[in-house]
Each structure stands twice: as C-alpha cells, then as structure tokens.
Amino acid sequence: MSAVVFAHRRVRSGRGLPLAGLLALLLAMAVVGMASGAMPLPAGEVVGALWRAVMGEAAREGDLVVLMLRLPRVAMATLVGAALACSGATMQGLFRNPLVEPGLIGVSAGAAVGAIGMIVLGGRLLAVLPSVLGSFGIAAAAFAGGLLATVAVYVIGRRRPGVATLLLAGVAINAIAMAGVGLLTFLANEHQLRDLNFWTLGSLGGTDWTRLAAVAPLMLPPLCLLPRYAPGLNALLLGEREAALLGFDPERLRRELIALVALATGAAVAMCGVIGFVGLLVPHVLRMIWGPDHRLLLPASALAGAALLIGADAVARVAVVPAELPIGVITALLGGPFFLWLLLRLRMGEGT
Amino acid sequence: MNLALDWRAASTAVAGLLEVREVHLSLGGRRVLQAVNLVAQPGRLLVLVGPNGAGKSSLLGLMAGLCRPSLGSVALDGKPLVRWSATELARRRAMLSQQVRLGFAFRVEEVVMLGRSVHGAATPGMADRQVVEAALQATGAHHLRGRNYLELSGGEQQRVQLARVLAQIWDCRDAPGWLLLDEPEAGLDIAHQHQLLRHARDWAARGYGVVVVLHDLNLAARYADEVALLAQGRLVRHGNVAQALDAEVLSHVYGIRLGRSLTADRHWLFHAQ
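Residue numbers (the working numbering), protein chains in the order written: chain A, 1 to 352; chain B, 1001 to 1273.
Hints should not be assumed to be uniformly reliable.
Coverage of chain A stretches by chain B, computed from C-beta distances (three or more under 8 Å per stretch; other residues unrestricted) [to be verified]:
| # | region |
| --- | --- |
| 1 | 235 to 249 |
| 2 | 284 to 297 |
A partial selection of chain B residues facing chain A, derived with a Cβ cut-off under 7 Å [unchecked claim]:
| # | residue |
| --- | --- |
| 3 | Ala1086 |
| 4 | Met1095 |
| 5 | Phe1104 |
Just so you know, the hints here were simulated from the structure itself, not pulled from any lab data.
Positions of the beta carbon are idealized from the N, C-alpha and C atoms, including for glycine.
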C-alpha cells in the first residue's frame, strides 16, 4: 500500500468552513455550467432565468435553453459527480487503499457489459420498444449488469474474512467483464462500434428532465446515507479487528457500504457511461488537504466531485462547438496533470 | 481523573468478573485452546505467559469477545459475551492488539479520538476531547499531538494506540472496565516498558481489570498480581508469581533449563542456566 504522507500541508479547521467553501464553489460552477455552451449566456441572464422561473414571471428569450436543456444537464452532472466521488472516498476507506476506484467492486465493468451487450445484441429488442423506452434500454441493461457484477464480487469475496479476497474477486470479475466487452466489440458492426465507443467514454449528452427523474431516486438515497457511515469507516481504517473491538460490525458495514456504492455508481454509469478519474482523484486530493477523517471527507468529496463534473461537462460542450467531446476524456485530461502537479508539490513522508 | 468507585461494593459474586469457563477453541482443525478455566478479577493485574503458540493471544481474543469459543463460554458480569451488544461491550472493555496498521495519515489526536467513537455522538464533544488529552498525558504521548501518526516510530505508535485504547474505557462509571493488552511492550525501550506496566498496575489499582500477554518473565514477575501460564493450549498454572512461575514447571514448558532467584528488593529474576 502506498505510504505517501502529506500531512505537512494539512489545514487545521472544523468541518463547517471547508464544506461551506465547497458548496459556494459548486453553486458558482453550476452558474458557469448553465452559462456556457454553443450559445453562451451571461451569468446574470442565467440567474435571471432561474429567478423568473421560480417567481413565475414571464419568461424571456433564452430562458428555455437554461431551463429545459442546461439546468437538467447541470443537475445530472451534480448527481453523477457527487455519486462517483463519494463512492470513491467510501471504497478507498473500506479497502484502506487510496488507489481504489468505485469500479473495483465490478460495478463499472459489469455495467459496460450490460450496456454494450444491449447495443450490440439488443438492436432488435430496442427497435421493437417505443423510442422513449428504447433510450432507457441501454441504461437499464447497464444498471442490471453493474449490480450483477457487484453481487458476484461480494458473494465470492465474503467467503474469507478481510478485504483482500474481496479485492482479488473484484480484479477477477473486472477481467472477465472486460473480456466480455472485447468479445462484444468484436461482434459489433460499424454503427454499433461507434455507439459503444461513445458510451465507453462517457457523456452527459441527451440529458433531459425525464432521464434525470429516472435516475435521481437511485442516486439520492445513497448520497444521503453514505456520510452517516463516517464513524464506521474511520474505525475501519484501523483494521476490521480494531473496528470490531470498537463496537462496529465490520461485516455489516462492508455489506451495506458496497450496496450503497453499487447503487450510486451503477446508476451514474448506467446513465452517463464510464467517467473515469473522478472517483479516484477527488477523494485523494481532499484527503491531502484535510486528512482522512470521513466525517469531512465524504460530504466534501460529494460537493467537489459535483463541481468538477459540472466544469468538465462545460468544457466538453464548448471545446469543439458544435460537437461535444466525451466527458471521460476531459476528466482524465484535466485530472491527470492536476494530480501530477499535486504529487510534485507535496513532499513525500520521510519514512517511506 | 475522578472515577466513581461505588461499583466495587457490588453485591453479587459475579459482578465485574471476566470468567473463562471450560473453553475449547479449534481453528481450521487445529486445537488452539483446550479446557481452559480462568477467572479474572477487577482491580488485579493478570499476566498471561507461555511459549510461542501456547494460545495466549487466542485466549485474550476470546476474553475480548472477538471470536467465540468452540465449546464453553466467556462471561462478563455473569453474562456470556455473545449476549452482550457490540456497543455495550465496547464501552466496558478495550483491547490493544499486537499490530495495528493504519491505512491513512491521521494526526495523533485523531487516532486517539477513534477510541471515543463508541461513545455515541458522531461529532466529538468537549468531554471526549478532555479524555483524549488525559489519555495522551497518561501514556506519555502528549508531546506527539499534532504529528502525523504514520511518521512516528514504532514505539511512539504503540503509545498512541495505548492512549486510544485507554480513551475507549476512560469513564467506566457503572461497572469495572477491562483493559486487555496483547504484548504491549513490543517495540518499546526498557524505560517505556516499565512505565507502561506501572500504568497498567495503576489502572488495576483504580479498579479496572487488566489482562496482559507478556513474553518477558521478569516483567511479568515484577508487575503481575496473578500469573496464568499456558502451554500447548492448556492452562498449566494460575496463581501468584511464586506459585505460577515455578522454575521446574517453566523449564519443562519452555524446553530450556530455567532458574530463578530473589533480588534484594524481593522480585523474582529468571535466567537460563
């Protein structure tokens, strides 16, 4: 396990200030996100549009763009970013390993098999269904695939105590799922290849209120519940044995946390495809700044992940107008160098 | 520190006792413990000694309620540990394990605060902070506060972990708390070994039950009120130092000729012959 130590720069403060700061950042990013796009709007116009909608005043020209296109999209980015980052923080704590991603329990790879399987093999099924249901077909298959893979990892991993077996089961299931993706890619025709490629890179394109309403009930409960597990996750950082001595039930904690993460991540991946790096990067950076206490880390990750994904989505929309870049490319492109910069700026612990 | 000591006058015979009754333990087909009977009393320092693989740590784990015996039972206050809720038990007994590896860079006082997680509120209050301060003082680790736990030496980490364990049962008011230490002297220099065991004895004097697994017979002889000698999963001797640490028995158990002599300040000293 990496024992890189970043304590020297840690800021000593309560939870209120960091969370308030991140919330302000999130709101600012939301306005920026709604202002940018193929048709740029001034920030005042965006706030005005929201104000008029809430107050029931007469809408002006441009309000519809904000309310029907950009607001649901920003809301989706908020939910997905929060779900991925908060899940990432949870999994890193559960596995006591800062290099773990939410996808480790198989949920992303399983979702990929489900979605790509539907794209490649389910063409006929999708054609029969009405178009509204058809657009959900891929998402539903992805969600089911993700949950199925997670259940497989959990059932295999719990046969022996400790998280090591779980981790290895996750690696194996991921490998099997990736083989499935490879096979399906091989079977796909030109048109399907383009579709599945786009799905794999992730995108918030096509988000509307319907899609948001479909997925919010799956993501909001885990997001509200995960921070409640902060004391248990803190105790787990001492090891399962110590957590048990402190009065927690490690087995139950693990089961419930994996279920919540699978739900949140599965829903996020199903709607928007695989968006890498958010779940790994955000908690890691926050831990460098404020330390590993999950009581701050979990809500802070949710807020920062949401802000990051809104920003990345805004860049994806304006970078190559009128086309859109896949958002997964943006998160990796922005996140990678930033992460490296942080690594170089903070010094390593002497003990390593 | 103010501890209410009125529970010492508890009326029932079993109140406060930690009793191991006819305990057998098998792990993966291997018999780890066989027919062990041992009663630990609050207010006394009980030391478990024995060769490697004798079952000392397993017995301590059973007494902490970490695992269940294959046969027999372990009871606190006369109630089997399996019938205690995890939180109730965590408020009554704390255990220092042999090796605690921390995954992330907590500060020293945050590690100790983890010992308070069992005491309810998700956000630690003023009382919890005071306990953390006092526990750090008690283990001589107060000067380490604010430091990154992962950057401490092995001995310093051990003292911080001990402070965490003390913080967990710092305010046992209604009934005697139990402190279980598994080779706590590992990694400590000789001054800190003696300091730690003096602390353990002080805690016993305050009414806590203290059970310590030790390898060093001389440390055991110097600080123990009672000694339990284990070999090959069986309890060989249990009694005061002179009874339990008999030179003949020790020689047989450890497979090496051991002698003992009484020092001028009336402590037993053990040495290979």
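Results for each hint:
A stretch counts as covered by a chain when three or more of its residues have a beta carbon under 8 Å from one of that chain; for the region 235 to 249 of chain A and chain B the count is 12, and the coverage holds. Chain B is given as covering the region 284 to 297 of chain A, and this holds because 5 residues of the stretch bring a CB closer than 8 Å to a CB of that chain, at least three being needed. Contact between B:Ala1086 and chain A, as hinted, is supported at the beta carbon level, the nearest pair being about 5 Å apart and thus within 7 Å. For B:Met1095, the suggested interface contact is upheld, since its CB lies about 5 Å from the closest CB of chain A, less than 7 Å.
With 7 Å as the threshold, the beta carbon of B:Phe1104 comes within range of chain A, its nearest partner Cβ sitting at about 4 Å, so the hint holds.
Going through the hint list in order, the structure satisfies each hint without exception.
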